[in-house]
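**Q** Taking the hints into account, I'd like the entire structure generated from these sequences.
Residue numbers are given in full-length UniProt numbering: position 141 of the sequence shown equals residue 141, and the series is strictly consecutive.
These aren't lab readings, by the way, just hints derived from the structure by calculation. The beta carbon of each residue, even a glycine, is placed where N, CA and C say it ideally should be. Keep in mind that the hints are not guaranteed to be accurate.
Think about it this way: if two alpha-carbon atoms lie no more than 27 Å apart in a straight line, the pair counts; the simulated DSS-like pairs of lysine-lysine are [said to hold, decoys possible]:
| no. | residue 1 | residue 2 |
| --- | --- | --- |
| 1 | Lys89 | Lys78 |
| 2 | Lys64 | Lys209 |
| 3 | Lys72 | Lys209 |
| 4 | Lys64 | Lys46 |
| 5 | Lys64 | Lys35 |
| 6 | Lys46 | Lys15 |
| 7 | Lys242 | Lys209 |
Cβ pair distances, simulated, as ranges [to be verified]:
| no. | residue 1 | residue 2 | range |
| --- | --- | --- | --- |
| 8 | Gly247 | Lys89 | 26 to 36 Å |
| 9 | Glu157 | Gly247 | 19 to 29 Å |
| 10 | Leu148 | Gly108 | 18 to 28 Å |
| 11 | Gly132 | Gln224 | 31 to 41 Å |
| 12 | Gly247 | Ser25 | 50 to 60 Å |
| 13 | Thr49 | Pro85 | 55 to 65 Å |
| 14 | Asp163 | Arg133 | 10 to 20 Å |
| 15 | Thr81 | Gly132 | 30 to 40 Å |
| 16 | Thr49 | Glu149 | 50 to 60 Å |
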Amino acid sequence: MIKDTNLLIPGLLDKFVVVNGTVPSTVTQIEFGMKCCIFEEPDRLKNITEQYLHLGGHHYHSWKYFPRLRSKLIRFLKVPTTNFPDLPKSEPGNYISCIHIRRTDFNGTGFHMAGNDFILNSIKYVEREEKGRIADLNVTTVFFGDDLEFMEALVNETRRWEDENLRTVSFISKNTPPDDILYARYHCDAVLITSPHSTFGWWMGFLSKGNMVYYNDIKFTDDQSMVAGNFEPDDYFPPHWKPIRYGDVNNLTVVESLK
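**A** Here it is in structure tokens:
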């Protein structure tokens, strides 16, 4: 984790002292941020007078911990060593819609994995929304994920769409995860997160060029973290990101959720 972070975001770890070893018994242990995706107010630590604290939580994955640091974090990202020759580029006249899919390691964990119907209908929804927002838009789709066979099937489906206005040219990224983040930084005009609990998809969206992010509304999925009380959507997803879902149980039309 530390090696990958230093590779992708050089200089960020220089802002921290990293101690690799057992926490000394003299250090005060504090339960803070014990649930991955629920914000806990740091101000409650102000009245603790000990010199060193060991916070027992993990991830601290909430935009509320760094609400104004997006631009600064982006500046820490390394300069790509490739120009991504196998993928399309975001440029005037070519709008890149990036679709993140996470499946293999979520299988059997209770984390929601979006099916192909939802993903395909969501791609159409995002394209319609963006074409309604920006005139004369030519959209190209790039898939990112951990299930190549699944993504190849999706690409084949997009080629068979009957609506000429939505028939998109599609690509599949076969780059490393760090390079996927860098590609998103420079070329993803919109990002669709299909598995709402995916932290990698979250960072792709957060650091993306366009900062225009759509996500599968976890409240309308079977994700067990909601049932267990380990996930608060308003803490996890920035407020300008757009949650989407099926219209209802018997309606496969994708719509924006009301917050």
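**Q** Do Leu148 and Gly108 keep their Cβ atoms within the hinted range of 18 to 28 Å?
**A** Hint holds: Cβ distance 20 Å, inside 18 to 28 Å.
**Q** Is it true that the C-beta distance of Gly247 to Ser25 lies inside 50 to 60 Å, as the hint says?
**A** holds (56 Å)
**Q** Assess, step by step, whether the Cα of Lys89 is no farther than 27 Å from the Cα of Lys78, and give holds or violated.
**A** holds (18 Å)
**Q** Please verify whether Lys46 and Lys15 have alpha carbons no more than 27 Å apart.
**A** The hint holds at about 21 Å.
**Q** Would you say the C-beta atoms of Thr81 and Gly132 sit inside 30 to 40 Å of each other?
**A** The hint (30 to 40 Å, Cβ to Cβ) holds, given that Thr81 and Gly132 are roughly 37 Å apart.
**Q** With respect to the beta-carbon atoms only, verify the hint that Glu157 and Gly247 lie 19 to 29 Å apart.
**A** holds (20 Å)
**Q** Indicate whether the distance between the beta carbons of Thr49 and Pro85 respects the range 55 to 65 Å.
**A** holds (56 Å)
**Q** Given the proposed pairing of Lys64 with Lys46, does the C-alpha separation stay at or below 27 Å?
**A** holds (17 Å)
**Q** Does the structure keep Lys64 and Lys35 at a Cα separation of 27 Å or less?
**A** holds (14 Å)
**Q** Within 31 to 41 Å or not, the Cβ separation of Gly132 and Gln224?
**A** holds (35 Å)
**Q** Determine whether the Cβ-Cβ distance between Thr49 and Glu149 falls within the hinted range of 50 to 60 Å.
**A** holds (57 Å)
**Q** Can the restraint linking Lys72 and Lys209 be considered satisfied, given a maximum Cα separation of 27 Å?
**A** Holds, because 14 Å separates the two Cα atoms, which is no more than 27 Å.
Consistency with the previously given hints is maintained throughout, with no hint failing.
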